[in-house]
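*Asks:* First to last, the sequence lines map onto chains A and B.
At position 419 of the first sequence (counting the first as 1) the number is 419 in full-length UniProt numbering, and the numbers step up by one without a gap.
At position 194 of the second sequence (counting the first as 1) the number is 194 in full-length UniProt numbering, and the numbers step up by one without a gap.
In short, the hints are calculated from the structure, not lab data.
Wrong hints could be hidden among the right ones.
Pairs count within a copy or across copies, as identical chains cannot be separated in the list.
[As the list claims (entries may be wrong)] In silico SDA-like cross-links for lysine to any residue, where the CA-CA straight-line distance does not exceed 25 Å:
no., residue 1, residue 2
1, 169, 111
2, 169, 230
3, 234, 283
4, 234, 424
5, 169, 388
6, 38, 73
7, 234, 423
8, 234, 431
9, 234, 428
2 protein chains.
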Amino acid sequence: MRTGPKASGPRTASQIAHHVLARAEENARLDRYEQDVKSAFDAIVPTLKRISALQHETDFESRAQDIARRELGFELPEDILADAWVERLDMRRLHAWCTFATYRRFCDDFFSRDPLAAEEGDRHFNGGFEGFLQTCGFHTLDISPCADGRLAHLIRYVLRLPHRAVRRKSYAGALFDIDDSVQKWVETEMLRFRSGRPNTADAPTRYLKLVAYHFSSSDPEHEGCAAHGSDTTKAAAAGLERLLGFQQAIENSFCCGASIDLLLIGVDTDRDAIRVHVPDAEGGMAVDRYLDVMELYETTARLDASRARHDIQDAVRQTSPGVAEGMARLIERLIENNLSQIDSVRGRHGERYADIGHAEHFIGAGVGFEEIQLRNLMYFAYLDTVEEATQDLDVGIRIFTGLNVRRGLPAPVVVRFDYHGQVPGARDRAVARCRRVSEAIKSRYADLFERGLLHLMQVVRDCNADAPIEVLACTASADAKAGGHR
Amino acid sequence: MRTGPKASGPRTASQIAHHVLARAEENARLDRYEQDVKSAFDAIVPTLKRISALQHETDFESRAQDIARRELGFELPEDILADAWVERLDMRRLHAWCTFATYRRFCDDFFSRDPLAAEEGDRHFNGGFEGFLQTCGFHTLDISPCADGRLAHLIRYVLRLPHRAVRRKSYAGALFDIDDSVQKWVETEMLRFRSGRPNTADAPTRYLKLVAYHFSSSDPEHEGCAAHGSDTTKAAAAGLERLLGFQQAIENSFCCGASIDLLLIGVDTDRDAIRVHVPDAEGGMAVDRYLDVMELYETTARLDASRARHDIQDAVRQTSPGVAEGMARLIERLIENNLSQIDSVRGRHGERYADIGHAEHFIGAGVGFEEIQLRNLMYFAYLDTVEEATQDLDVGIRIFTGLNVRRGLPAPVVVRFDYHGQVPGARDRAVARCRRVSEAIKSRYADLFERGLLHLMQVVRDCNADAPIEVLACTASADAKAGGHR
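Please work from the sequences and hints to get the whole structure.
*Replies:* In structure tokens, the structure reads:
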């Protein structure tokens, strides 16, 4: 695939040479899935425009349903169409309804078909990855990216990891909650002692916490991390500080030499290229000592595969000569995986993504959303209560004011709480949380809600069963019960 | 001490014979502490009345300070007194200020002097109790009483347990949070495996969860548990159901025969007498199968000590013939302890407490309050956010509307978050939570707050250090910083 010399000046997608280590088939598969999902959401506005233009024709309802079936793959709620003759079609409700219906179909597909799972012969996947991780000296990989929608695909796309084999908890600015992580560490260690899962407690492995901050290489002062004022150094330093805080919390709270390992990476959201702050022999990292995988992509693209891998190994060790062997191997894997993603972005978008800014289709608020492994699809406000998350939610509403409200379209919000079905009363509590949070959102953004510019769908899911999502209520449905449609 | 025959008809305190197993010295000590604390709070209103009557005299400020020093033990803030000549003394602010100052002194005393600790020779206490608990087959005793202020003294008074050797988490209706308890179980088991605390994981002991519901023997339909509509059977059934849910959650979530033991007790808040739902051989309990310790008090009061203990043992086994030996021994201990409390209440109050209803002095909102081991001193709203706890807070404000606001006095609210000082950033997070919750309370009860009928003091405490409380802010202080007083 190494066709032609390195292009000088701006390149178009077709001119781009692929990297020797890029996995073309995997790229094609992941790309296809992303395009399928996004085009379904992208189809909503043009389809509704066409339908809107027909609303005063006599056979409006049947023609609208024909178009909806063909373009969107589902029928529209009859009551909304039937009411159009009285005043005019309630486009806001219809838009929210279509967004929610598309989201629901996307979820059903994800949980029934497992489209991002390993394929036959993908030796690095799932079980394979857990085993590999343990040979590197880690029994758990706990990743906290920034909650920014441009990092929502970090696990499965940017790092090409099996999404079920790692823990993901997103926070604004990647500033994860130390108490929550300590709790997860405690649970992890208990299960090793008690059940030998994922390995027994006497195995010499540790819990690895990874923080992913982000920046924009083409517009660093505006399209970087909002939580850190688009200051890349600040974002990296804050991530490193939080990691050290977590480590110190474990060391101070538990005896017998308890500790954890840490890794800091940065993501260029324009090109999905990572930089890795390779730890030294003592595990120490520095904000200004990192390996830039974009550079590595350029210098290794046209080598043969084994030479390219060799150069990656060298580069990791040159960055931090004392790096532990297992950590180095994990980092090499992450880098090689990332080369495929860089290659894929280049192949499809050229020098950088066209949408380097926000372009989400809906807001997700609550706990869950395992299916969101795609970039710029959903703005995620991870929350238990609106009271604690007002800042995150306000940012989300501000983004959707720019994206939707200024065009007269609503901000669609999915309120979602996943629960563990084997715990008695867990579903009831998830349902109650959905209701409470929905009420709090309605009351905080009462003005938008009353003008039909904010719609809410309430969803729960039993994350222990291999279950689909369960829709509880939806403000865009006539009977306040979405998903009654076929 | 067994003087005279059993009195017939209502008895006065002086007529009451003491129970053979009642510990007179311990009763005197606990009683003295309770009286000291309560009388300090009780002195506030009469003292302020006297001071109010003087406010237009020429030497008002110095006379007021003399009275305050003498009656309350501290001086009043000069700015409030100095402003009195302009309009009139701001009694609301002054009342809140005195309540907060008294609370602060009470806390400082508690954390510096440890007034409820074991005394020399108290063989059943602290280390002794943990060892005893393990011989009964339990490594942890986790108690969830109802959050009702009439059960705030459950651990140290009603059950006479060392308050630092058991876990207490209060919830409205004793309906504890299963997820929170599962998390505590996980942590407990991890520490046993990892550090052998409180015993090693191979010791054949289990985690014991105890629920304490409550009722009123003299006015069961009005002074019982508000969360269960004063329905004793409902309160007991709901407690039992929650216990079984917790057990099932552990059994379903963890393998290798993981389980816990359960115990349900009821408390008659008129007399502090408990009833124990003694578990059968399989650990099963029934709402209508319990041992009434009040009855046992009557029938054993005038026996000799060893005969009384023997009857207690018999009664436990008669209630549930198959009860496990260790569980039976723990229950016998709780019963004998409770006899002292019943005796103490009888001795001081006769047939029942005079204040069988609410008589709290302030509301506590947040997480912490280890020092609150006294009955009817504080209404406790255990909360992380106002959003999740609106119901509990509304009840508290309603109670204080009856107790204070209708007399023109404010509802004093202590917002408190304890933190683990060894966790980096923990204090900052506690401070931020205090501020967030205080703002949310001010906004929810804006009408009261603006009329000076709601005052807030913000407090944090490092619960890992043996530290005093730290006052962050107070709406009753001129500089919004309480505790600037000497």
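*Asks:* None of the hints should be skipped; say for each whether it holds.
*Replies:* Evaluated hints:
Within a single copy, residue 169 and residue 111 get their C-alpha atoms as close as 20 Å, which meets the 25 Å cut-off; across copies the closest is 38 Å, which misses it. Within a single copy, residue 169 and residue 230 get their C-alpha atoms as close as 21 Å, which meets the 25 Å cut-off; across copies the closest is 43 Å, which misses it. In this assembly of identical chains, residue 234 and residue 283 lie within 25 Å of each other by CA distance solely inside one copy; the values are 21 Å within and 57 Å between copies. Proximity of residue 234 to residue 424 under the C-alpha cut-off of 25 Å is restricted to the inter-copy arrangement: shortest distance 19 Å between copies versus 44 Å within a copy.
Within a single copy, residue 169 and residue 388 get their C-alpha atoms as close as 16 Å, and across copies as close as 22 Å, so both meet the 25 Å cut-off. Only within a single protomer do residue 38 and residue 73 lie at most 25 Å apart by alpha-carbon distance; the minimum there is 14 Å, versus 70 Å between protomers. For the homomeric pair residue 234 and residue 423, the shortest alpha-carbon distance between copies (22 Å) is at most 25 Å, but the shortest distance inside one copy (41 Å) is not. Within a single copy, residue 234 and residue 431 get their C-alpha atoms only as close as 39 Å, which misses the 25 Å cut-off; across copies the closest is 23 Å, which meets it.
For the identical chains of this complex, residue 234 and residue 428 are inter-copy neighbours only, at 19 Å across copies versus 42 Å inside a copy, given an alpha-carbon limit of 25 Å.
Every hint from the earlier list agrees with this structure, and none is contradicted.
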